[in-house]
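S.K.: If you want the building blocks of each chain, they are given just below.
Number of protein chains: 2
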Amino acid sequence: MLPTTPESLLPLVLRAMQATPDARLRDLLSGLVTHLHDFVREHQVTEPEFERAVAFLVGIGQATGPTKNEVILASDLLGISTLVALQNNPAGEAGTESHAALLGPFWRAEAPECQLGDNIARAGTPGTPLEVRGTVHGAEGQALAGAVVDVWQASPVGLYENQDPSQPDMNLRGQFRTDAAGRYHFRSVRPAGYPVPTDGPCGELLRAQRRQPCRPAHLHFMVSSPGHKVLVTQVFADDSEHLQSDPVFGVTAALVGHFRLAEEDGRPLALLDHDFHLVRGEPVFPHPPIP
Amino acid sequence: MLPTTPESLLPLVLRAMQATPDARLRDLLSGLVTHLHDFVREHQVTEPEFERAVAFLVGIGQATGPTKNEVILASDLLGISTLVALQNNPAGEAGTESHAALLGPFWRAEAPECQLGDNIARAGTPGTPLEVRGTVHGAEGQALAGAVVDVWQASPVGLYENQDPSQPDMNLRGQFRTDAAGRYHFRSVRPAGYPVPTDGPCGELLRAQRRQPCRPAHLHFMVSSPGHKVLVTQVFADDSEHLQSDPVFGVTAALVGHFRLAEEDGRPLALLDHDFHLVRGEPVFPHPPIP
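Those protein sequence lines, which keep their order, are chains A and B. Using numbering that gives the first Met the number 0, the letters of the first sequence correspond one by one to residues 0 to 290. Using numbering that gives the first Met the number 0, the letters of the second sequence correspond one by one to residues 0 to 290.
Hints were generated in silico from the structure; no laboratory data involved. There could be a bad hint or two in this list.
[What the hints assert, rightly or not] Label-pair ranges, simulated between beta-carbon atoms:
1) A/Ala252 - B/Glu281: 46 to 52 Å
2) B/Thr197 - A/Glu203: 30 to 36 Å
3) A/Glu41 - B/Asp21: 14 to 20 Å
4) A/Glu6 - B/Thr66: 31 to 37 Å
5) B/Ala54 - A/Glu262: 22 to 28 Å
6) B/Arg266 - A/Leu13: 31 to 37 Å
7) B/Thr66 - A/His42: 29 to 35 Å
8) A/Ala54 - B/Glu281: 27 to 33 Å
Every residue gets a Cβ at the ideal spot worked out from N, C-alpha and C, and that includes glycine.
Just chain A, with the same shape it has in the complex (with noise of 0.2 Å):
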C-alpha cells in the first residue's frame, strides 16, 4: 500500500506504528500524528510554511542551553506547559485550588542549604527587603516538619544570577527545611517582573503576535516531603503589572499572593505569607531543565 492522497497517508503513519510494545507510547504517538496530519490538511500548510516550522524547531532546540531551554519557552508561549501543569494538578485535591506552576528554565539544582531566617539576597544585592513565611501542609492538612522550600527568583532588575554576571553564584536562591511546626520563614529583596528571553525564536514569534513580553514579578518554589508529589509552583505579587498578560499564561487565581507593606526601623519592609498543600505522591523531582 502506497499513499496516492494526503488523506490516504495517515493511516499508513498509524499501520508502521501499531508494533509499538509500549502500548502508551503508542497512544500518545498515534494521537500525535492524528492531530499533526488533521491541521496539516485543515490549514492546507504550505511547502515554505512547513520549511518555517523546521527552522524554528531547529532554531529553538539550538538556543537551547546552560543559561535557558528555549524548547520550554516555547512551549510556555503556546499555554502547553501551564495545561499539563494544570491538568496534573487538578483543583481541590487537597481542598484547594492547584498551586502547581510551571517550572520555567531558570532553575537550577542544588541550591544553597540555608537556615530558616537567612536572606537569600546576598550582600550588595539592591531592592526593598521582603519577609517570606508560611506553613507546609501535608494530604490530610497537617504540618509537614522537615518539609524542603527550594526558592529562585529574579533580582529588583528582572534577572535570575545565571544570567546576569554582576550577581554572585547562586544568588536569590535558597532551600529551607520546615520547622516541627510546618513553618518556613527567609529574608529576600522583592522580585521585579521581567521580559521572557526575547533574542531567540521566541522572541520572534512574541513580536510577529504583537504579545508583550513581560512576565509579572513572582517568586519560584519547589516544595518536598516524602510521600507527598514535589509541589513546583510560583507566587505572583498582586500589585504586579501583566498579572492578565502573562506571555506564558502561569497565573492562576490561586498563584496570586498578597504582599504587604509594613515597616522595620523606619525602613520599608515587604510581607508575603504563603503556605503550600502538598498532595499524596511519589515525590518525583523535575530534571534539571538543561541537559
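Given the structure of chain A, go ahead and fit chain B onto it with the hints provided.
M.R.: What follows is chain B alone, placed relative to chain A:
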C-alpha cells in the same frame, strides 16, 4: 480572566494571539495550538511525558548540523513531510500522479555543473554502472530545453558523500541542463538503500516503535525551469527492498522507476528511463536544509 481548569486555558491562549497582524500566521498558530491542547487533554499527558517531549525536541534541534537535519528526519518519520509534499503537489496537475517527494536531509546547494553524458560517480566509486535518461516536460506537456536537473544519490554502500569521508567532495551529485529536445542523460552507479540516521533521538524513536530504518534505493532529483514550480522528487528502484516499509513514507506509486538490466562491453549496465513533469508556478528553491 485567569485560567482555573485545563479547558479554560485554550480560549485565553487564542485570545492572546488575536492581535497577530498576519492573518495567515494567526490562523496557523490558532489551529496548531487548538490541536496541541486537544491532544494534551484527550490523552491526559503527564508531567514526565511532557518533559520527555521537551527533551526530544531539544535533542533533535541540537543533533542538527552540517551532515543531517534531525528535525526534518523527525517530521519524515511521522509522515508530515510526505503529507506536505502530497498536498502541495496534487495528482493530476500535469496529467500525472504527483511526482513531488521529500527534499531529505542530504541535498547540497551548488552541486557541480556537468555536461550531458557525464558520470557523476567519480573514479573509484564501486557499483553497477547506471545510465539515467529522460525528458523534462512543461505545464502543457511540451519539452523544456535548458531545464536544470540536479541529481544526488547515495553510493552503493548507502552513504552520501557528505556522510562518508572515503568519497570525494560532491561525489554522486551533479547538475545537468536538458538539450533542445528537453532531454537529459547521465552516468552513475546504482544507489543502494540505506538506513536513516539512527544515532540520534529519531533512532531512539524508531527502536521504541520497532520500525525498520532502511529506505529503499533511490535517486534524488530537483528539476527547475523558468515559469515552473521547482520539482523536488525521488525515483525509487522497483526491485528494491523496503518499498512498502519506507520509514519516511517517501514512496508513492508515481515515484517508482523501472530499472532495466542491459549489457555494455560484456559488463552489466542498469538503465533507468524517467521523465519529469513540471507544473506552472514560481520557481522557488528550497533553502539548504542546514542553516
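S.K.: Taking the CB of A/Ala252 and the CB of B/Glu281, does the distance hold inside 46 to 52 Å?
M.R.: At roughly 51 Å between Cβ atoms, B/Glu281 and A/Ala252 fall inside 46 to 52 Å, so the hint holds.
S.K.: Range first: 30 to 36 Å. Now tell me if the beta carbons of B/Thr197 and A/Glu203 are that far apart.
M.R.: 32 Å, holds
S.K.: Against the range 27 to 33 Å, how does the distance between the Cβ atoms of A/Ala54 and B/Glu281 compare: consistent or not?
M.R.: This hint is violated: roughly 19 Å between Cβ atoms.
S.K.: May I ask you to test the hint 14 to 20 Å on the CB atoms belonging to A/Glu41 and B/Asp21?
M.R.: For B/Asp21 against A/Glu41, whose Cβ atoms are near 18 Å apart, the range 14 to 20 Å holds.
S.K.: Do the beta carbons of A/Glu6 and B/Thr66 sit within 31 to 37 Å of each other?
M.R.: Given range 31 to 37 Å: holds, Cβ gap about 35 Å.
S.K.: Taking the Cβ atom of B/Ala54 and the Cβ atom of A/Glu262, is their distance within the range 22 to 28 Å?
M.R.: This hint is violated: roughly 48 Å between Cβ atoms.
S.K.: For B/Thr66 and A/His42, compare the CB-CB distance with the range 29 to 35 Å and indicate the outcome.
M.R.: 32 Å, holds
S.K.: Cβ-Cβ distance between B/Arg266 and A/Leu13: within 31 to 37 Å?
M.R.: Given about 45 Å between the Cβ atoms, the range is violated.
Hint compliance for this structure: hints 5, 6 and 8 are not met, and every other hint is.
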